[in-house]
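Listed in order, the protein sequences are those of chains A and B.
The working numbering applies: residue 37 is where the first sequence begins, and numbers increase by one.
The working numbering applies: residue 29 is where the second sequence begins, and numbers increase by one.
The set of hints was computed from the structure by calculation and includes no laboratory data.
Be aware that one or more of the hints could be misleading.
[Unchecked claim] Derived, one-sided and incomplete: chain A residues facing chain B with beta-carbon distance under 7 Å:
| hint | residue |
| --- | --- |
| 1 | A76 |
| 2 | D81 |
| 3 | A87 |
| 4 | S338 |
| 5 | P396 |
| 6 | C479 |
Beta carbons: idealized from backbone N, C-alpha and C, even for Gly.
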Amino acid sequence: MPIKTYDVLIVGSGHSGGMAANILTQKGISCLMLNAGPEADYDKDRSIKHAYELPYRGFNKPGRLPHVFQANEFNANQWVDEKEVPYTCPPDAPYNWVRVRLLGGRSLFWARQSFRLSNFEFKAAEIDGTGDSWPISLEDLAPFYSRVERIFRVAGRKEGWPQFPDGDFVDTPYPPDTETIKRVTEIANKRGVQVSKWRSALGKDGLASSINLLLPDALATGKLDIVQNAIVRQISVDKDTGLASGAHFVDRHSGREMHVKARAVVLAAGCLESTRLLLNSNVANSSGVMGHYLVDQMYGVSVVASVPEARDGKAPPGLMGGSAFIPRFRNLKKSDKRNFIKGYCVHINSGGSASPNFFPLYGAELQAKLDSYANSCISGGIFGERVARYENHVRIDDKVTDRWGIPVLHIEARDSENERNLTKDAADTIEEWFHEAGWELICKTDRVNPPGYSIHEVGTCRMGDDPKKSVLNKWSQSHDVKNLFVVDGASFVTCGWQNPTMTILALSMRASEYLAEQMRTNSI
Amino acid sequence: MRRRNFVRSLLISPIAPAVLAEEQKAANTKAIQPPPEARTPVRQFGPTEVPHLPVIACDLAARPAPNYFNKIQFATLQKLGGILQPPLKNNPGAIEAQAPEFLDFLISVSPEDRQKLYLSGLDSLEQQAKDKFQRSFCDLEAQQADAILRPLLVVRPWPEDLPSDPVQNFITQVHEDLRTATMNSREWALAAEKSGRRFSRGSRTSGYYWAPIDPISEG
Chain A
37 MPIKTYDVLI VGSGHSGGMA ANILTQKGIS CLMLNAGPEA DYDKDRSIKH AYELPYRGFN
97 KPGRLPHVFQ ANEFNANQWV DEKEVPYTCP PDAPYNWVRV RLLGGRSLFW ARQSFRLSNF
157 EFKAAEIDGT GDSWPISLED LAPFYSRVER IFRVAGRKEG WPQFPDGDFV DTPYPPDTET
217 IKRVTEIANK RGVQVSKWRS ALGKDGLASS INLLLPDALA TGKLDIVQNA IVRQISVDKD
277 TGLASGAHFV DRHSGREMHV KARAVVLAAG CLESTRLLLN SNVANSSGVM GHYLVDQMYG
337 VSVVASVPEA RDGKAPPGLM GGSAFIPRFR NLKKSDKRNF IKGYCVHINS GGSASPNFFP
397 LYGAELQAKL DSYANSCISG GIFGERVARY ENHVRIDDKV TDRWGIPVLH IEARDSENER
457 NLTKDAADTI EEWFHEAGWE LICKTDRVNP PGYSIHEVGT CRMGDDPKKS VLNKWSQSHD
517 VKNLFVVDGA SFVTCGWQNP TMTILALSMR ASEYLAEQMR TNSI
Chain B
29 MRRRNFVRSL LISPIAPAVL AEEQKAANTK AIQPPPEART PVRQFGPTEV PHLPVIACDL
89 AARPAPNYFN KIQFATLQKL GGILQPPLKN NPGAIEAQAP EFLDFLISVS PEDRQKLYLS
149 GLDSLEQQAK DKFQRSFCDL EAQQADAILR PLLVVRPWPE DLPSDPVQNF ITQVHEDLRT
209 ATMNSREWAL AAEKSGRRFS RGSRTSGYYW APIDPISEG
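The shape of chain B in the complex, shown without the other chains:
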């Protein structure tokens, strides 16, 4: 408070006219000097150099907080991740790559038919586990899970060839999604870098990204 009063007193003190007179004098002096060089237009409108500040991706600072699937469904999805895409050949598996957590987000923002496929597919696996082994799917032994999963796997000439049976369709899609989410993860890229595998431009895991080109404002 004392400091603020002091500043205020300066503003209203008799020194002020003297300062103004000095400034006026300086201005008059300037007037008889040669005109300064013209400024570049850029300097008139803003700074010419703006520093680029380092920022980090949110994944480096925080863990995902899955909130779409219920507890049992998410446990089933995690179990599937561990079985279908385990760590292999010094690469992370689905669990290490947090693929189930990512799919929880992805499915939450997906069209309704895809959401239904996942929800009913996860529920179906849980039900089959209970019917056959009287346990939750997430608690099954590897052999027990295999007995449920193997009959659901199909051969597909093209990735778009999806089976008509909804549970087979779910297994087909979740298998591919877990694999993609794992191979496209930061953890996978770091493992690749560590092992000296080349950065491949044409692969799915990296490539030329086209930013939005002259997008239309939604405002």
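Pulled out of the complex, with its shape left as it was, chain A reads as follows:
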């Protein structure tokens, strides 16, 4: 049987790979998608169980997934096995690399928060007075954001604030604010801080993934083939032209080595996997920047208070419940002088219960406290922006390989004084608001989880106009290898405080349309 030939090889099947396949196939371009893991069958692979039915009573197998704080025994099998595909980091700088290799990748499980970056992020160097800006602006990406938002059916409230760009939202009525949310809003507004609502992708049938919103249309064209359990080992390069010619991959089960040819290669394996593949392939790194400027957001700052009149089950109707979302409000003006650059958003949730670890009590005394404080709590947390710094990087650890003999990543990322000052400001600010509201502070921390915990890792193949300072151009195309594109979060220059998914999707759509046009005109 003759082997099919493909125009484009796409590595990865999550949001970015799904979008590339969706755009390219609908323009008549044949694509092969390689995915490192299998397809999950939601009916066969998933069932409702009690914790006591599980081998470790819900604790998870000890020592498994030590870096995936999100893992428990119920969901342990959905994450990449850290023993099968390990990575290394310095003992003093743990990194939480949270991965999914199922078909659809992390798009199967994301939290669906859907924001645009603003020009405070795209043009960060001008705002911060340091660092780098993107080679594109919000205006360049806005039309693509709009199309993505319509596909993913993003619900949001339009505000008209420059730091929180509006989108093409589906019309979803928000319930009226409860008294506690009104109180926080009033206190924040008094300080010039604007308060809005979450923006969330509704998707379809409870799922907003590439497997239900992007790949079905691509498959319907007859132009897409998907191979599962295909672990890409190396990008192959034509010796004469220096262009990417395809990829070597290994079958996950048998270990059989394979090679596929394509006219162009699109990497969408997730920021760090794409970069690992490029580093292992030794391509597209004439700048020496590849692997550097790894960045993600800070999660972990938490302030919890209890509303006295809501205790002991006595909350009157309309007092507790609901949420508020407060987009970045620090360093929006030159006059705002802080001991940190960039900013954070705050999310407020009302009506929760106290966690047992909030109280230094045990037994009946602890239970009485938990009962009294049930549903009386209001909490504030943040998504904080880390600074993209050269020294936070990944490189190949040639002493360690994965199950298939592929060298693994060594990841080094540490927070700086800027991050510590930012999170302290966030915790102090939320505490101040709660204090003014007259609520009892139960706990407060400005400590954040290790880098990577947010599962929003971006950077390491940043885009830019200068090939000496960046890996990709403004079309997510390699400066060095013109038929090689990286369409996941690796191209980010700054991470912002926003969930990156909408930006990744918009960038992938934009890059794929550019690639399609280049192929149509035979420029690639």
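Position chain B against the provided structure of chain A, taking the given hints into account.
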């Protein structure tokens, strides 16, 4: 033996050729009949219906046999279970939920640093009890145990926030482990069912379990 000989005699008796001739005749008869309907491929490879036989969990048939901690350590752990997570509000406590027995197993298969934390933590409590009250920790009155335990309790904004002091760290973890092992137990679930509490999909005690998806064979 007599029966076996009889069977053997049948096999070698002159009846055998006659039986074969009958079978041959039947086969010839079949040959002139219309061909049977094609069988479905499934029937060619195996049974189409396999009964599901009822089985029970081992906990319903047997009691755990703790064997990791020594006697004193296990007695200390049981005492902690009774103090930190007693039966409350018609729910079983740690002892009723066999949480110490479960933790004996869990810690036995845990990484070394966690094993050390438990072993030294349990030993430390025993030592403190002897130093302060000249008794084993498991024999302390509630007030005496409280005098040792209360100073070791800390406030933690996040469950991952563990104190640097090893004994405080142990108390923090064993408290949470006993609580989780109790609330995740069959006994707790039965009590919840009895009291009419709703089956909660999102809670820690139940949820969607993902089975291994297309696992790689270790063979």
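Here is how each hint holds up against the structure:
Checking A76/A against chain B: minimum C-beta separation of about 5 Å stays under 7 Å; hint holds. Evaluation of the D81/A hint against chain B yields a held restraint, the C-beta minimum of about 5 Å falling below 7 Å. Among the interface hints, the one on A87/A holds; its C-beta lies about 4 Å from the nearest C-beta in chain B, closer than the 7 Å criterion. Restraint check, S338/A versus chain B: the minimum CB separation of about 5 Å is within 7 Å; hint holds.
Annotation: interface hint on P396/A holds; nearest CB of chain B at approximately 4 Å, less than 7 Å. Below 7 Å, beta-carbon pairs count as interface contacts, and C479/A has one with chain B at about 4 Å; its hint therefore holds.
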